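Enquirer: For reference, the chains in residue letters:
There are 2 protein chains.
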Amino acid sequence: MVRVAVDGMGGDTAPHAIVKGAEIAAREGIAKIILVGDEKRLRSLLETPESVEIVHAPSYVRMDESPSLALRKKKDSSINLAIELVREKKADAVVSAGNSGATMAFAIFTLGRIKNVDRPAIATLHPNLKGGITVLLDAGGTVDCKPIHLAQFALMGDSFARHILKITSPKIGLLSNGEEITKGNELTKEAHSIIENMNLNYIGYVEGTDLYNGKVDVVVADGFVGNIALKISEGVVDVLLTFFKQNITRNLRGKIGYFLLKDTFKELARKVDYAEYGGAPLLGVDGTCIICHGKSNERAIRNAIILAKKFAENSLHEVLKKSMEEYGNS
Amino acid sequence: MVRVAVDGMGGDTAPHAIVKGAEIAAREGIAKIILVGDEKRLRSLLETPESVEIVHAPSYVRMDESPSLALRKKKDSSINLAIELVREKKADAVVSAGNSGATMAFAIFTLGRIKNVDRPAIATLHPNLKGGITVLLDAGGTVDCKPIHLAQFALMGDSFARHILKITSPKIGLLSNGEEITKGNELTKEAHSIIENMNLNYIGYVEGTDLYNGKVDVVVADGFVGNIALKISEGVVDVLLTFFKQNITRNLRGKIGYFLLKDTFKELARKVDYAEYGGAPLLGVDGTCIICHGKSNERAIRNAIILAKKFAENSLHEVLKKSMEEYGNS
Numbered sequence: 038m039v040r041v042a043v044d045g046m047g048g049d050t051a052p053h054a055i056v057k058g059a060e061i062a063a064r065e066g067i068a069k070i071i072l073v074g075d076e077k078r079l080r081s082l083l084e085t086p087e088s089v090e091i092v093h094a095p096s097y098v099r100m101d102e103s104p105s106l107a108l109r110k111k112k113d114s115s116i117n118l119a120i121e122l123v124r125e126k127k128a129d130a131v132v133s134a135g136n137s138g139a140t141m142a143f144a145i146f147t148l149g150r151i152k153n154v155d156r157p158a159i160a161t162l163h164p165n166l167k168g169g170i171t172v173l174l175d176a177g178g179t180v181d182c183k184p185i186h187l188a189q190f191a192l193m194g195d196s197f198a199r200h201i202l203k204i205t206s207p208k209i210g211l212l213s214n215g216e217e218i219t220k221g222n223e224l225t226k227e228a229h230s231i232i233e234n235m236n237l238n239y240i241g242y243v244e245g246t247d248l249y250n251g252k253v254d255v256v257v258a259d260g261f262v263g264n265i266a267l268k269i270s271e272g273v274v275d276v277l278l279t280f281f282k283q284n285i286t287r288n289l290r291g292k293i294g295y296f297l298l299k300d301t302f303k304e305l306a307r308k309v310d311y312a313e314y315g316g317a318p319l320l321g322v323d324g325t326c327i328i329c330h331g332k333s334n335e336r337a338i339r340n341a342i343i344l345a346k347k348f349a350e351n352s353l354h355e356v357l358k359k360s361m362e363e364y365g366n367s
Numbered sequence: 038m039v040r041v042a043v044d045g046m047g048g049d050t051a052p053h054a055i056v057k058g059a060e061i062a063a064r065e066g067i068a069k070i071i072l073v074g075d076e077k078r079l080r081s082l083l084e085t086p087e088s089v090e091i092v093h094a095p096s097y098v099r100m101d102e103s104p105s106l107a108l109r110k111k112k113d114s115s116i117n118l119a120i121e122l123v124r125e126k127k128a129d130a131v132v133s134a135g136n137s138g139a140t141m142a143f144a145i146f147t148l149g150r151i152k153n154v155d156r157p158a159i160a161t162l163h164p165n166l167k168g169g170i171t172v173l174l175d176a177g178g179t180v181d182c183k184p185i186h187l188a189q190f191a192l193m194g195d196s197f198a199r200h201i202l203k204i205t206s207p208k209i210g211l212l213s214n215g216e217e218i219t220k221g222n223e224l225t226k227e228a229h230s231i232i233e234n235m236n237l238n239y240i241g242y243v244e245g246t247d248l249y250n251g252k253v254d255v256v257v258a259d260g261f262v263g264n265i266a267l268k269i270s271e272g273v274v275d276v277l278l279t280f281f282k283q284n285i286t287r288n289l290r291g292k293i294g295y296f297l298l299k300d301t302f303k304e305l306a307r308k309v310d311y312a313e314y315g316g317a318p319l320l321g322v323d324g325t326c327i328i329c330h331g332k333s334n335e336r337a338i339r340n341a342i343i344l345a346k347k348f349a350e351n352s353l354h355e356v357l358k359k360s361m362e363e364y365g366n367s
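The listed protein sequences correspond, in order, to chains A and B.
Take the position in the first sequence, starting the count at 1, then add 37; the result is the number in the working numbering.
Take the position in the second sequence, starting the count at 1, then add 37; the result is the number in the working numbering.
Please keep in mind that the hints were generated in silico from the structure rather than gathered at the bench.
Predicted model only: the values in this text are computed from it and were never measured.
Just so you know, not all the hints are guaranteed correct.
The list cannot tell twin chains apart, which means a pair is met if one copy fits it or any two copies do.
Derived pair list, reagent style DSS-like, types lysine-lysine, alpha-carbon separation capped at 27 angstroms [claimed, not checked]:
no. : residue 1 : residue 2
1   : K299      : K167
2   : K167      : K303
3   : K112      : K299
4   : K126      : K359
5   : K226      : K111
6   : K127      : K183
7   : K111      : K332
8   : K252      : K282
9   : K57       : K292
10  : K252      : K332
11  : K226      : K332
12  : K208      : K111
13  : K110      : K226
14  : K167      : K292
15  : K332      : K282
16  : K126      : K111
17  : K299      : K282
18  : K167      : K208
19  : K69       : K57
20  : K282      : K292
21  : K203      : K112
Build the full structure now, drawing on both the sequences and the hints.
Expert: Given below as structure tokens:
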């Protein structure tokens, strides 16, 4: 059975929602769960303490803490000890909804980077209008990128789409401010000229919309731009739903209409709910690491554990390692 | 009466939709219209040729043309001759739905930049959930920015919100990948430390959502990030409406529900329709210049002319000039 280490102390809703989500996953038999954190607090929140294993961590990283400071001073934090379990092969994957900068810093420090990857990237999964999944990377791992980093993201995205999503020849696009070759900034222009000479199904610049319409399987961006694209999408959806609710309930006609369309609204809410996938893999580190939304609820944590299990079973980081090594040799 | 020069040849829908929109504005008495472009073609499309003046331009800039090449080789293009009319004070403002890079290049070349502005910015207007308007700049003018450029955008945004939107003490935010001070990339970190020392109501980093929720009046970003944020918003709205339509019409219940909610849907579509404002002012050049969406239809062009009129009447660029000069002296 796949063993998943869960950072019990990380996230806006920690430890409560994390413990609940982990416990649900354990009871559903999804994976063997190792909860890492303040043992007493975690144990007191468990309904069925025998369903999970607990590893005590003396400290934890707060959401607003500086990742570089945490890296220096909190090696005994729940997130780092959870990552240590992966390094020691006592766990097959780690899941954290905590400080994502610190999670990344510890993952690089403790697990190390895989060969030919200078910077790791967070890969988020998006259901698209064609019924498939589009991968965005980097969604916030590396905010200051050089062109070669974007090229490495393209390679990792290709490998991920090929081996995990089972897409034969993944279409790859570079996120820009327009499709024309005259568009882009200095970073994307240089990255473009590197990527177009790689052996990839690269279609050039794409726009934000292409994250959702199924035109490409992989969207490459630096972590700053990728994260903003991601968050603004969530924001727009929230704004639209708020607007709908304001308007729909203002008269009887609206109320009846809403009643008839309730299922559609629910399906929509589910479709854009970050909790549906639960988390996003950190690609480029030597181990399976899932980063969750800071606001993760128990369902998101449970689903992130399912994702962790799937990636561990598919040996995600071994697959990436092999792809990146082949690239280095080519 | 305000005189507006309209680039008749610029835009995906040019010249047809441009001519129609300009003609509607002229017939509604919004402004005196000077259409610039291929005289024969423009005249043949006019229903009431006497309603507008035509200025002939021997060439025009294609949508996919390189702005720097156009700048060198097409000084006789419709966009540059329209801008010339503003420089010569034969028009009070210029409106173009053409190649935005070329429009910007010619605006800088022909009108010049105002003092203490190194790079112009496109300012888009967004209705927010609080019923007000939030300004985003730069929405795509300058894709490679230095920290000082972002600081100048903050100053121009403040002046715009204060004098044109009549907001007493505009709240200003810097678009980033999170609100915490530990977030941001090298560019935003340096810009942040400049802007926080300026005499502005600056609240620090904001996220994409804050473009729509009314938390701030002005969102500052570099043109690459701002443009991506803008386009992804449009994209998400399109995706959601498509999803709704797919689901709503699939059974009788959905059809009746949709019928009852039709007004709400229409209001929503109108709210997110770029054509509502028609265009966005280019701030930082010495003249009033409105840049429209390449896909502008006749309604968008008409509304852009209304915007141009409003800005010309409020002496937008004179106001900005004064603000930026005061800043330079402080």
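Enquirer: With 27 angstroms as the alpha-carbon cut-off, assign the pair K282 and K292 to within, between, both or neither.
Expert: Classified as both: same-chain Cα gap 10 angstroms, cross-chain 19 angstroms, threshold 27 angstroms.
Enquirer: Cα distance capped at 27 angstroms. Does K226 pair with K111 within a copy, between copies, both, or neither?
Expert: Between copies, since 25 angstroms is at most 27 angstroms while 39 angstroms is not.
Enquirer: How would you classify K110 and K226 at a CA-CA limit of 27 angstroms: within, between, both, or neither?
Expert: between (39 angstroms within a copy, 24 angstroms between copies)
Enquirer: With 27 angstroms as the alpha-carbon cut-off, assign the pair K203 and K112 to within, between, both or neither.
Expert: neither (37 angstroms within a copy, 52 angstroms between copies)
Enquirer: Are the CA atoms of K299 and K282 at most 27 angstroms apart within a copy, between copies, both, or neither?
Expert: both (11 angstroms within a copy, 14 angstroms between copies)
Enquirer: Should K167 paired with K292 be assigned to within, between, both, or neither, using CA atoms and 27 angstroms as the limit?
Expert: between (31 angstroms within a copy, 23 angstroms between copies)
Enquirer: Since the copies are identical, ignore which copy is meant and state whether K126 and K359 lie within 27 angstroms (CA to CA) inside a copy, between copies, both or neither.
Expert: within (19 angstroms within a copy, 65 angstroms between copies)
Enquirer: Measure nothing new, just compare the shortest in-copy and cross-copy C-alpha distances for K332 and K282 to 27 angstroms and report within, between, both or neither.
Expert: Classified as within: same-chain Cα gap 22 angstroms, cross-chain 30 angstroms, threshold 27 angstroms.
Enquirer: Is it within, between, both or neither when you check K252 against K282 at 27 angstroms Cα-Cα?
Expert: Only across copies: K252 and K282 sit 20 angstroms apart there, 31 angstroms inside one copy, limit 27 angstroms.
Enquirer: At most 27 angstroms between alpha carbons: which applies to K252 and K332, within, between, both or neither?
Expert: So K252 and K332 pass the 27 angstroms test across copies only (20 angstroms; inside, 30 angstroms).
Enquirer: Should K57 paired with K292 be assigned to within, between, both, or neither, using CA atoms and 27 angstroms as the limit?
Expert: neither (35 angstroms within a copy, 40 angstroms between copies)
Enquirer: I want to check one pair: K127 and K183. Are their C-alpha atoms no more than 27 angstroms apart within a copy, between two copies, both, or neither?
Expert: So K127 and K183 fail the 27 angstroms test inside a copy (35 angstroms) and across (47 angstroms) alike.
Hints 3, 6, 9, 12 and 21 from the earlier list are contradicted by this structure; the remaining hints agree with it.
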